[in-house]
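Full structure from sequences and hints, please.
Protein chains in written order, with our numbering: chain A, 8 to 226; chain B, 8 to 226; chain C, 1049 to 1287; chain D, 1049 to 1287.
In short, the hints are calculated from the structure, not lab data. Check before you lean on any hint, since a few could be wrong.
To be verified - Derived EDC-like pairs (lysine to aspartate or glutamate); straight-line CA-CA distance at most 20 Å:
{"no.": "1", "chain 1": "C", "residue 1": "K1188", "chain 2": "A", "residue 2": "D71"}
{"no.": "2", "chain 1": "A", "residue 1": "K123", "chain 2": "C", "residue 2": "E1239"}
{"no.": "3", "chain 1": "C", "residue 1": "K1270", "chain 2": "A", "residue 2": "E180"}
{"no.": "4", "chain 1": "C", "residue 1": "K1270", "chain 2": "A", "residue 2": "E65"}
{"no.": "5", "chain 1": "B", "residue 1": "K102", "chain 2": "D", "residue 2": "D1189"}
{"no.": "6", "chain 1": "B", "residue 1": "K127", "chain 2": "D", "residue 2": "E1141"}
{"no.": "7", "chain 1": "B", "residue 1": "K172", "chain 2": "B", "residue 2": "D204"}
{"no.": "8", "chain 1": "C", "residue 1": "K1280", "chain 2": "A", "residue 2": "D188"}
{"no.": "9", "chain 1": "B", "residue 1": "K130", "chain 2": "D", "residue 2": "E1273"}
{"no.": "10", "chain 1": "D", "residue 1": "K1065", "chain 2": "D", "residue 2": "E1143"}
{"no.": "11", "chain 1": "C", "residue 1": "K1207", "chain 2": "A", "residue 2": "D71"}
{"no.": "12", "chain 1": "B", "residue 1": "K172", "chain 2": "D", "residue 2": "E1178"}
{"no.": "13", "chain 1": "A", "residue 1": "K130", "chain 2": "A", "residue 2": "E157"}
{"no.": "14", "chain 1": "A", "residue 1": "K172", "chain 2": "C", "residue 2": "E1175"}
{"no.": "15", "chain 1": "A", "residue 1": "K130", "chain 2": "C", "residue 2": "E1129"}
{"no.": "16", "chain 1": "B", "residue 1": "K123", "chain 2": "D", "residue 2": "D1063"}
{"no.": "17", "chain 1": "C", "residue 1": "K1270", "chain 2": "A", "residue 2": "D71"}
{"no.": "18", "chain 1": "B", "residue 1": "K127", "chain 2": "D", "residue 2": "E1129"}
{"no.": "19", "chain 1": "C", "residue 1": "K1232", "chain 2": "B", "residue 2": "D104"}
{"no.": "20", "chain 1": "A", "residue 1": "K130", "chain 2": "C", "residue 2": "D1056"}
{"no.": "21", "chain 1": "B", "residue 1": "K123", "chain 2": "D", "residue 2": "E1143"}
{"no.": "22", "chain 1": "D", "residue 1": "K1188", "chain 2": "B", "residue 2": "D188"}
{"no.": "23", "chain 1": "B", "residue 1": "K172", "chain 2": "B", "residue 2": "D188"}
{"no.": "24", "chain 1": "B", "residue 1": "K130", "chain 2": "D", "residue 2": "E1129"}
{"no.": "25", "chain 1": "D", "residue 1": "K1270", "chain 2": "B", "residue 2": "D69"}
{"no.": "26", "chain 1": "B", "residue 1": "K127", "chain 2": "D", "residue 2": "E1134"}
{"no.": "27", "chain 1": "D", "residue 1": "K1121", "chain 2": "D", "residue 2": "E1145"}
{"no.": "28", "chain 1": "A", "residue 1": "K123", "chain 2": "C", "residue 2": "E1178"}
Claimed, not checked - Label-pair ranges, simulated between beta-carbon atoms:
{"no.": "29", "chain 1": "B", "residue 1": "N12", "chain 2": "D", "residue 2": "E1178", "range": "34 to 44 Å"}
{"no.": "30", "chain 1": "D", "residue 1": "R1275", "chain 2": "B", "residue 2": "E44", "range": "49 to 59 Å"}
{"no.": "31", "chain 1": "C", "residue 1": "E1197", "chain 2": "D", "residue 2": "E1059", "range": "48 to 58 Å"}
We put the beta carbon where it would ideally sit given N, CA and C, even for glycine.
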Amino acid sequence: MLDKNGIARRIAKEIRDGYYVNLGIGIPTLVANYIPEGMNIVLQSENGLLGMGPFPYEGEEDPDLINAGKQTITTLPGSSIFDSAMSFGMIRSQKIDLTILGAMEVSEQGDIANWKIPGKMVKGMGGAMDLVASAKNIIVAMQHINKAGESKLLPKCTLPLTGVKCIRKIVTELAVLDVLDGGGFRLIERAPGVSVDFIKQSTSGKLFAEADVKEMDLN
Amino acid sequence: MLDKNGIARRIAKEIRDGYYVNLGIGIPTLVANYIPEGMNIVLQSENGLLGMGPFPYEGEEDPDLINAGKQTITTLPGSSIFDSAMSFGMIRSQKIDLTILGAMEVSEQGDIANWKIPGKMVKGMGGAMDLVASAKNIIVAMQHINKAGESKLLPKCTLPLTGVKCIRKIVTELAVLDVLDGGGFRLIERAPGVSVDFIKQSTSGKLFAEADVKEMDLN
Amino acid sequence: MINKQVSDADEAIRDIKDGNTLMLGGFGLCGIPENCIAALVRKGTSQLTCISNNAGVDDFGIGLLLKSRQVKKMISSYVGENAEFERQLLSGELEVELIPQGTLATRCMAAGYGMPAIYTPAGVGTEVAEGKETRNFNGKDYLMEYAFEADFALVKAWKGDTAGNLIFRSTSRNFNPVMAMAGKITIAEVEELVQPGELDPDHIHTPGVYVHRIFQGKEYEKRIEQRTVRSKSETNYVG
Amino acid sequence: MINKQVSDADEAIRDIKDGNTLMLGGFGLCGIPENCIAALVRKGTSQLTCISNNAGVDDFGIGLLLKSRQVKKMISSYVGENAEFERQLLSGELEVELIPQGTLATRCMAAGYGMPAIYTPAGVGTEVAEGKETRNFNGKDYLMEYAFEADFALVKAWKGDTAGNLIFRSTSRNFNPVMAMAGKITIAEVEELVQPGELDPDHIHTPGVYVHRIFQGKEYEKRIEQRTVRSKSETNYVG
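Next up, the structure:
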């Protein structure tokens, strides 16, 4: 079973040289730590920056330079700044190669819910609805099961949706899964030490799995 | 009867302090010469410039700095440059207070034709259709009658239209006229030495004129 | 050039009235019109509808307007980090309309570009789509969203000239340029106000035609919401 | 950063094919991709559809492509100043679609912003409206116009870096940024190509994400179409 850093590490392996990538808040943010050295990747922050660099050194924080998580960050040589309309313009026109974001639930149709829990204070969808509706390539980083052991990979989402039929790939603490065109999850890889049977039990949506599913390579 | 410079001079009197103005090619361009000293006016050129200055001095022409008529020009302190989409964005959102352009025909409904003559090589509408469809305040500078003495202020335009029901004010070599909301031209001023009767004869569209119409003041 | 300079924030917002709709630039606390917000608190204008990506924090940004009960409705994409906001929302004192961040930005831009409506795929199939027209283009569904109307847009720039031209600094640009284009009256506060000719025409982000009033703000606090740093030995992006 | 540099115009346009649709930046002869046009003439690619505000003059700009009969169709707002153009048009060799200048710019922008269609009042009630959907918003009629598709966009900037970031100079900006956003493959030629970090992130007009290939052009002629000047004693705007 993977921890948050393990999920981030596995997702990092999906990144290709030359990608423009948008990382959501939470586990997706950690992915930046596992991008292989020498690979040329540009991180987009939807508040208006291409080429997001690491956190500033202590004392070098610039209040005018933050990411979409409102954290102080830095630019890199070759960075560019733009307004919010252009930022979502490049997202909608699919100039961003890969979007990585978290989810509370994903359905076997590729629907995603990640912004609202009825009865709880709703903070808003931020840029998530734009990202899921527009991105050509989305990877969801999420917990496969909640603390009660209930699956969050469902036949149908129970929470209010963020987007419909948009998710194609999911990485959880248990597995890597694709969402099939006709519906249903396909088990691609299992986390170290996790059995196919356990993944089956932990997935309430339709799951297609070969008898022999390879274990993730995290290196 | 006014010459081209006279028409330009009369139109300049319609400009108010603090106006952003777009000047079309031909007579409208001449209007810039008659803006009273000390009046703060900003000229927009739809190829992407606010704050168009005069022609450059000989030897100071910059091929990267032209107006919509493709003439070499200059900027002024406070000028700004933008792309074509923003340029027409500010035109459509009515940030330009006054548009002055030429016409081949205007109808008593306020329709304008100024871009195409059937049977002749068509060069295109350029920005004229955008300007007439969007501007809140348009003045047309045009000849009242053609060389054969035929009126160009018509019940209906005979040439392909540039825009419909958009013209409110016209300045010709003979007169200043408004287009009435319900249709018809209203004679506001006559050019020096031109009689109301001659203007009536020269206007084939419906014309409303008081018996006593004041002569233009060009000073 | 046309001189748009006013003396200060109080003069700039003098005619904002109870019940007006305002756009306020900024992302979180980054690039917010601090001086205008302070002046609004002083003036006490109430029943405001505020279009802004976020709602500030308890004691800063739009949070100050919330604390003094001047806001009737927030139109935002994300409103966390604000206990007073939550209290007013749950008690029914405050209306909130949540819309996707890109839709918010593009509806402002649409107003500035004279486009009455735009199409976006954001929110298709979700509760955001309720009551909205959906239209299919090239096999993909889009929502039709209308341009935003606002009586006033309050924006914050780094530098500006008296002709109203604005230059923004780093990611404090965010929503400011698109809101500047969208206000019926746009008020810009700047850290440094200069004379026409001192800004390079090629570097201007918001041409002066969009700005109706401009003043040099003072005492910018520029509060940081999430101070994240690394030590000199760290190579990681995030701790 | 991602390196977008290619060696020259010939390499940049290597895969432009007969029948492709190209966008070409520039207004008149100002800000046109001179090197790419020259390379296209050398390559001889034909049956091109060119989306460009103008069509050049007889012996420069797109006029060079017309002279060598490489253009099947022009989509422009204004096409004067070109005798060969006129000849081909009248003889039926060349198709021309004339559209309003603002519509042209906004249809490019729409592609770059992922908006499948936009609404504009330009052309309502004229022959431009024929066959198009008209829709009334707030009492005013608008035409629905579709985003432009182009296989390649060829743009000219002043400075660029190898990450594809572009800065334009003066009014040579014109259609270049909106076309840069709209090309499936965008090729930028620049007068000066620098390394990432040499351009101020706040001054970049076109972020590198929109640019696929970039090279430093050479021997820019920058021909002036209408050389208008005044004498030192003149105060008039126009002679």
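How the hints compare with the structure:
Taking the CA atoms of K1188 of chain C and D71 of chain A, the gap is near 37 Å; set against the 20 Å cutoff, the hint is violated. Annotation: proposed proximity of K123 of chain A to E1239 of chain C is violated, straight-line Cα distance about 38 Å (limit 20 Å). Straight-line distance between C-alpha atoms of K1270 of chain C and E180 of chain A comes to about 39 Å, which puts the hinted pair past the 20 Å bound. Proximity of K1270 of chain C to E65 of chain A is assessed by CA-CA distance (about 17 Å); at most 20 Å being required, the pair is judged to hold.
Note on K102 of chain B and D1189 of chain D: the hinted pairing holds, with a Cα-Cα distance of about 19 Å set against a maximum of 20 Å. This hinted pair checks out: K127 of chain B and E1141 of chain D have alpha carbons roughly 17 Å apart, not beyond 20 Å. Restraint check: the Cα-Cα separation between K172 of chain B and D204 of chain B comes to about 26 Å, which exceeds 20 Å; the hinted pair is violated. For the proposed pair K1280 of chain C and D188 of chain A, the alpha carbon gap of about 47 Å is over 20 Å, so the pair is violated.
The hinted pair formed by K130 of chain B and E1273 of chain D meets the criterion: a straight-line CA distance of about 16 Å does not exceed 20 Å. Between K1065 of chain D and E1143 of chain D, the direct Cα distance comes to roughly 19 Å. Compliance with the 20 Å bound is thereby established for this hinted pair. Taking the CA atoms of K1207 of chain C and D71 of chain A, the gap is about 13 Å. The hint holds against a cut of 20 Å. Note on K172 of chain B and E1178 of chain D: the hinted pairing holds, with a Cα-Cα distance of about 18 Å set against a maximum of 20 Å.
Between K130 of chain A and E157 of chain A, the direct Cα distance comes to roughly 25 Å. Violation of the 20 Å bound is thereby established for this hinted pair. About 15 Å separates the Cα atoms of K172 of chain A and E1175 of chain C, which keeps this hinted pair within 20 Å; it holds. About 9 Å separates the Cα atoms of K130 of chain A and E1129 of chain C, which keeps this hinted pair within 20 Å; it holds. The suggested pairing of K123 of chain B with D1063 of chain D is violated, with an alpha-carbon distance near 38 Å, which exceeds 20 Å.
Pair hint K1270 of chain C plus D71 of chain A holds up; C-alpha atoms about 8 Å apart against a cutoff of 20 Å. Of the pairs offered as hints, the one joining K127 of chain B and E1129 of chain D holds, with about 14 Å between alpha carbons and a cut-off of 20 Å not exceeded. The straight-line distance between the Cα atoms of K1232 of chain C and D104 of chain B is roughly 14 Å, inside the 20 Å bound, and the hint therefore holds. The suggested pairing of K130 of chain A with D1056 of chain C is violated, with an alpha-carbon distance near 34 Å, which exceeds 20 Å.
In summary, the hint linking K123 of chain B to E1143 of chain D is supported, as the alpha carbons are separated by about 17 Å, within the 20 Å threshold. With a C-alpha separation of about 16 Å, the suggested pairing of K1188 of chain D with D188 of chain B holds against the 20 Å cut-off. Of the pairs offered as hints, the one joining K172 of chain B and D188 of chain B holds, with about 9 Å between alpha carbons and a cut-off of 20 Å not exceeded. Using a Cα cut-off of 20 Å, the hinted pair K130 of chain B and E1129 of chain D holds, with the two alpha carbons roughly 9 Å apart.
A distance of roughly 9 Å separates the Cα atoms of K1270 of chain D and D69 of chain B; the hinted pair therefore holds under the 20 Å criterion. Straight-line distance between C-alpha atoms of K127 of chain B and E1134 of chain D comes to about 11 Å, which keeps the hinted pair within the 20 Å bound. Distance restraint check for K1121 of chain D and E1145 of chain D: the Cα-Cα separation of roughly 8 Å lies within the 20 Å cut-off, and the hinted pair is therefore satisfied. A hinted pair counts as satisfied when its Cα atoms are at most 20 Å apart, and K123 of chain A with E1178 of chain C qualifies at roughly 16 Å.
The supplied range of 34 to 44 Å is met by N12 of chain B and E1178 of chain D, whose beta-carbon atoms lie about 39 Å from each other. For the pair R1275 of chain D and E44 of chain B, the beta carbons lie near 28 Å from each other, so the given range of 49 to 59 Å is not met. Distance hint check for E1197 of chain C and E1059 of chain D: the Cβ-Cβ separation is about 49 Å, which falls inside the suggested range of 48 to 58 Å.
Against the hints set out earlier in the document, violations occur for numbers 1, 2, 3, 7, 8, 13, 16, 20 and 30.
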